[in-house]
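K.L.:
Sequences listed follow chains A and B, in order.
Counted the way the working numbering counts, the first sequence spans residues 254 to 396.
Counted the way the working numbering counts, the second sequence spans residues 254 to 396.
Hints in this document: simulated from the structure, not taken from any laboratory.
Take these hints with a grain of salt, some might be off.
Simulated restraints, written as ranges between beta carbons of each label pair [stated by the list, open to error]:
id, chain 1, residue 1, chain 2, residue 2, range
1, A, Ala290, B, Arg299, 22 to 28 Å
2, A, Ala368, B, Glu374, 41 to 47 Å
3, B, Ala281, A, Glu257, 48 to 54 Å
4, A, Glu257, B, Asp328, 47 to 53 Å
5, B, Ser339, A, Gln318, 35 to 41 Å
6, A, Arg305, B, Asp357, 50 to 56 Å
Taking beta-carbon pairs under 10 Å as the criterion, some of the chain B residues facing chain A (in silico) [as the list claims (entries may be wrong)]:
id, residue
7, Arg268
8, Thr270
9, Arg274
10, Leu314
11, Asp317
12, Cys336
13, Ser339
14, His342
Cβ atoms here follow ideal geometry from the backbone N, Cα and C, with glycine treated the same way.
Take a look at the letters that make up each chain.
There are 2 protein chains.
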Amino acid sequence: MARELLEALDQAGVRLTGPRRELAALIARRQGHFTAADLLADAERRRLGIGRATIFRLLELLADQNLVERVDLPDGRHAYVPCEPSHHHHLVCVSCGAISEVDDCGIDAVTAEAARRSGFEIQSHRLELFGRCPNCKSAESHQ
Amino acid sequence: MARELLEALDQAGVRLTGPRRELAALIARRQGHFTAADLLADAERRRLGIGRATIFRLLELLADQNLVERVDLPDGRHAYVPCEPSHHHHLVCVSCGAISEVDDCGIDAVTAEAARRSGFEIQSHRLELFGRCPNCKSAESHQ
DNA sequence: TCACAGTTGAGACTAAGTCTCAATACCTTG
DNA sequence: CAAGGTATTGAGACTTAGTCTCAACTGTGA
């Protein structure tokens, strides 16, 4: 998956530098969502010597390319989720952080209806779903 | 509208203090969304001598009572929207900041479907719609 | 009117993110 | 494969958002 990120960056015409390769690997080995602070901590733990600005810059780059999506956690923190460029909504497990992608499954109809009723011209929307994933659900009921 | 906020706070069993009355008035006279920094600036402009902590505390209180909803703007900033306690989604005009409330109009079906497909137990969701309100739309087309 | 518990402002503090700048390292061209 | 221009880098200062503590104050119920 790190490879895919790097290929996509290459496509985008930016340089494939050392720090970017290392960060792509760190992102790839994380599953679920992560914050900029998480990545920063990963990088420090491995003494990669990567500056904080570099991390924010890469995240912005990845978000521009739709390689990660920025989500806002219920507690107000910002997190990132690696994703298929075509998908844009996620289910976030609040107990383990696992992510599941959500197809459109009707959201477009909702926005169209909202536009019709309100007279707004809708340019973008953001849908985030929070809950417990199947694993955490069954873990809890078995304990 | 300031009165409504204050009544609701009273119901909630908290004290109706001077700072809270003044902030309720500031919130009431703003239309659309506002950030904590906006309120802070309003308060300073009027030399109300209200501390920053007090503002954050009140916003938290109002959010707990569902008197304002916290929304995340596309640029990542946090904003607040005064709202009916029963409604929980908003249309935000990106050019003038106007807010329109959105009924459920189908979102529950979307979350139910997502839950069914993914196996997640969905606890909460967040839907934000961004676009241009009717006024801004027509203002732009006439210029 | 009193007293106490809830609330306040100041300001220190932390965390998140941005900016600048000189040094470095891609990668394209020859 | 060498060289040079340019994108990128790390350091660290800086800004902004939000939290915390604590002594002083003030609603409010009795």
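K.L.:
Confirm or reject each hint.
P.N.:
Checked hints:
no., hint, in the structure
1, A:Ala290 / B:Arg299: 22 to 28 Å, "violated (37 Å)"
2, A:Ala368 / B:Glu374: 41 to 47 Å, "violated (31 Å)"
3, B:Ala281 / A:Glu257: 48 to 54 Å, "holds (51 Å)"
4, A:Glu257 / B:Asp328: 47 to 53 Å, "violated (28 Å)"
5, B:Ser339 / A:Gln318: 35 to 41 Å, "holds (39 Å)"
6, A:Arg305 / B:Asp357: 50 to 56 Å, "violated (41 Å)"
7, Arg268, "violated (26 Å)"
8, Thr270, "violated (25 Å)"
9, Arg274, "violated (27 Å)"
10, Leu314, "violated (16 Å)"
11, Asp317, "violated (13 Å)"
12, Cys336, "violated (14 Å)"
13, Ser339, "violated (16 Å)"
14, His342, "holds (8 Å)"
Violated hints, listed in ascending order, are 1, 2, 4, 6, 7, 8, 9, 10, 11, 12 and 13; each of the other numbered hints is respected by the structure.
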